[in-house]
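J.: Using the sequences and the accompanying hints, generate a full structural model.
Protein chains: 4
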Amino acid sequence: MSSIPEGRRVLTPPLRLAPDWHIAHWLNTRAPIALADLRGRVVLAVAFQMLCPGCVSHGLPQAQRVREAFAEDDLAVIGLHTVFEHHEAQGTTAALAAFLHEYQIAFPVGIDAQSAQSPGGAPVTMRAYAMQGTPTTLLIDRSGRLRLQKFGRVEDLRLGAAIASLIGEAELRPDGGEAPRGPDCDDQGCTLKDRDT
Amino acid sequence: MSSIPEGRRVLTPPLRLAPDWHIAHWLNTRAPIALADLRGRVVLAVAFQMLCPGCVSHGLPQAQRVREAFAEDDLAVIGLHTVFEHHEAQGTTAALAAFLHEYQIAFPVGIDAQSAQSPGGAPVTMRAYAMQGTPTTLLIDRSGRLRLQKFGRVEDLRLGAAIASLIGEAELRPDGGEAPRGPDCDDQGCTLKDRDT
Amino acid sequence: MSSIPEGRRVLTPPLRLAPDWHIAHWLNTRAPIALADLRGRVVLAVAFQMLCPGCVSHGLPQAQRVREAFAEDDLAVIGLHTVFEHHEAQGTTAALAAFLHEYQIAFPVGIDAQSAQSPGGAPVTMRAYAMQGTPTTLLIDRSGRLRLQKFGRVEDLRLGAAIASLIGEAELRPDGGEAPRGPDCDDQGCTLKDRDT
Amino acid sequence: MSSIPEGRRVLTPPLRLAPDWHIAHWLNTRAPIALADLRGRVVLAVAFQMLCPGCVSHGLPQAQRVREAFAEDDLAVIGLHTVFEHHEAQGTTAALAAFLHEYQIAFPVGIDAQSAQSPGGAPVTMRAYAMQGTPTTLLIDRSGRLRLQKFGRVEDLRLGAAIASLIGEAELRPDGGEAPRGPDCDDQGCTLKDRDT
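For the protein sequence lines, the chains are A, B, C and D, in the order given. Counting along the first sequence from 1, when you hit position 117 you're at 117 in this note's numbering, and nothing is skipped either side. Counting along the second sequence from 1, when you hit position 148 you're at 345 in this note's numbering, and nothing is skipped either side. Counting along the third sequence from 1, when you hit position 74 you're at 468 in this note's numbering, and nothing is skipped either side. Counting along the fourth sequence from 1, when you hit position 17 you're at 608 in this note's numbering, and nothing is skipped either side.
Mixed in with the good hints there might be a few duds.
To be verified - Under the rule of at most 20 Å between Cα atoms (straight-line distance), these lysine to aspartate or glutamate pairs were calculated in the EDC-like manner:
1) B:Lys347 to A:Glu68
2) A:Lys150 to B:Asp217
3) B:Lys347 to B:Asp217
4) D:Lys741 to D:Asp611
5) D:Lys741 to C:Glu462
Stated by the list, open to error - Listed next, with one range per pair, are the computed distances between beta-carbon atoms:
6) D:Pro610 to B:Arg264: 49 to 59 Å
7) C:Ala465 to D:Asn619: 35 to 45 Å
8) D:Arg744 to B:Arg264: 34 to 44 Å
9) A:Pro19 to D:Gln723: 44 to 54 Å
10) B:His219 to D:Gln723: 58 to 68 Å
11) A:Ser118 to D:His616: 29 to 39 Å
Bear in mind the hints are in silico, worked out from the structure with no lab data behind them. Nothing here was measured: the structure is a model prediction, and the numbers come from that model. A virtual CB, placed ideally from N, CA and C, is assigned to each residue, including glycine.
T.: As structure tokens, this is what we get:
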């Protein structure tokens, strides 16, 4: 008997805190955004490159649709510009700003910091998540745990279901002052023993 | 502060039991399916006509995607053939069977019973739900309450989110183990006027 | 050196008169239409079945776009309802009339006559052209010769080019009163020896 | 009675020589390409910017489909990178080369020369054609005359028909074998103001 809906099966168990991102420069936001600032909300982050055809035709339009479909209070949508090729063409803030303007992307976008150890290769955040390429979709739960990481295309139906499942979960508070809320939290197994220590 | 996700905002409050459907003939199922048989699972029902272009291009393919994306244990997907025009062309079981075969629709489909009072007009289930036309998407929760009724197009993202939200809800159990229950009761209370006994 | 454009390469040499069609019943036209009535114009005929998904999603919408893009004086667009399966469901005039109404298909459609020798199989015109299935696209030139027969999908670009090539060709007049006109007729080899005798 | 096919109606009368283009740098070709080099072939030129969404989603994929559908001997396909905004982001050869690589655009692309009089504005070729923006589709006939200039979207059916119509036309030969010719003369006469000598 299955008690875990398919919509949640795209989600991994809540075993692992999402790594912090390392951003060289932010666009579409007045102040830098740390992952910790988003605790309490679900986070959809889409890693992209402005010259990646799959990002332009699929990943970014989907992120825009997600931004429309969910409330800011429940879900943060973040772009990560993870440039790992054509640095000269797409590596400048000006190029990205022009791109975001033309494609009318209004959610915050952070430029993933280039690695000092390996300049010209994959940038720091991309490495921290061991991403395979772009676009990569990340879902982080209200407690900061990485629950989905998918390279390539994710169906709207499954992504919508996964986001709603995470929105329905309670946040785990570090002070223990609040128990997992809601009748559906047990189904998900979001007990304290899953708390990342 | 909003604590109700957008994905759930497409859902109506759980005030009303879904009316029973009245089916003249079933296809793609060995036995007739009553709404009560599906209690405990979420139900997506799509009302369509085989000669309705919007049903063929949008409503039915979406129901097929939904069937793929969610587990049978969590979600039942049902088609309702609500013929309210061109009865000669699309009113026979043979015509519908040929259509389902060609379009590879494998989920159960019930042919909505024609009304004795008003033959040639809207059929019985369509009237019971006061549907405006086809396609119409219905979502019924685990406790049998109508939570979404939408004529026309519903975005995949929002539909996936709404289904996942309903899957995440507990069923109201008749043994009172979880909450008081009657067929027309819920956490909000009981609404006698919706009682369908 | 190629002097035959690709757009024409989808066209076969003008070796063969298009077989007459045998129509049981016409819709969307006041009088029956014989192929001979269309001599002097290019003819696009699309063979379809109302319950054929590829016809509904591709073949018929393309024929509608073609109807919009070319002048009636230059091009006739004809539908052929070549029912070779599900006769009970799609074999009646009423069913087809309802279908054409709902899909807003306004060009003339002929119902291909069922074969007396082989009732329930492929109808007469479908056999005369040895069609493999539906949709099948036919292009007939101003002189009544079959120049394209394609089962399945034809790209808009190539179809538009093929139609324009045929429109640019002169009609071969049986009384010999008119020579092939136009500077491009020689390229195509539309000499008198190709005249169907 | 109409003898001009719709497919040709998108074409303007052959009154005007296409202005020469002024290219700062070529990609995807070993040697620069002058418009005069293409005399005898039909030319499709698509003016685009790499950060123009309509170019990326429509104009450039269409040019790629056209390249596939017609023979090189009949039709040249050329891209013109007419940067009139975001010069910093899309104005370098490296940026364009990366873009062409990622989008697998293999036909020759010329970078329209920036205007010395008005740096930062519309480039020289864009001005010579008085283009309204990007994408702009140009069709030039075998004799070098501008026959179509369209800002925005052109349907595949109509573009295919227009190209085939032009391919079907004869070139005006300078030796007088077919018609008197000067670079700015045609069957309609000569238009001195267009003379580009």
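J.: None of the hints should be skipped; say for each whether it holds.
T.: Each hint tested on the structure:
1. Taking the CA atoms of lysine 347 of chain B and glutamate 68 of chain A, the gap is about 19 Å. The hint holds against a cut of 20 Å.
2. Taken as a hint, the lysine 150 of chain A and aspartate 217 of chain B pair is broken in the structure, with Cα atoms around 41 Å apart against an allowance of 20 Å.
3. For a cut-off of 20 Å, the pair hint linking lysine 347 of chain B to aspartate 217 of chain B stands: about 18 Å separates their Cα positions.
4. A threshold of 20 Å between alpha carbons decides the hint, and for lysine 741 of chain D with aspartate 611 of chain D the separation of about 18 Å falls inside it, so the pair holds.
5. Taking the CA atoms of lysine 741 of chain D and glutamate 462 of chain C, the gap is about 19 Å. The hint holds against a cut of 20 Å.
6. As the Cβ distance of proline 610 of chain D to arginine 264 of chain B is approximately 57 Å, the hint placing it in 49 to 59 Å holds.
7. Alanine 465 of chain C and asparagine 619 of chain D have their C-beta atoms about 38 Å apart, which keeps the hinted 35 to 45 Å range intact.
8. Our hint of 34 to 44 Å for arginine 744 of chain D and arginine 264 of chain B holds, since their Cβ atoms are close to 36 Å apart.
9. Distance hint check for proline 19 of chain A and glutamine 723 of chain D: the Cβ-Cβ separation is about 47 Å, which falls inside the suggested range of 44 to 54 Å.
10. Hint check: histidine 219 of chain B to glutamine 723 of chain D, Cβ distance near 59 Å, so the stated range 58 to 68 Å holds.
11. Between serine 118 of chain A and histidine 616 of chain D the C-beta distance comes to about 31 Å, which sits within the given range of 29 to 39 Å.
Against the hints set out earlier in the document, a violation occurs for number 2 only.
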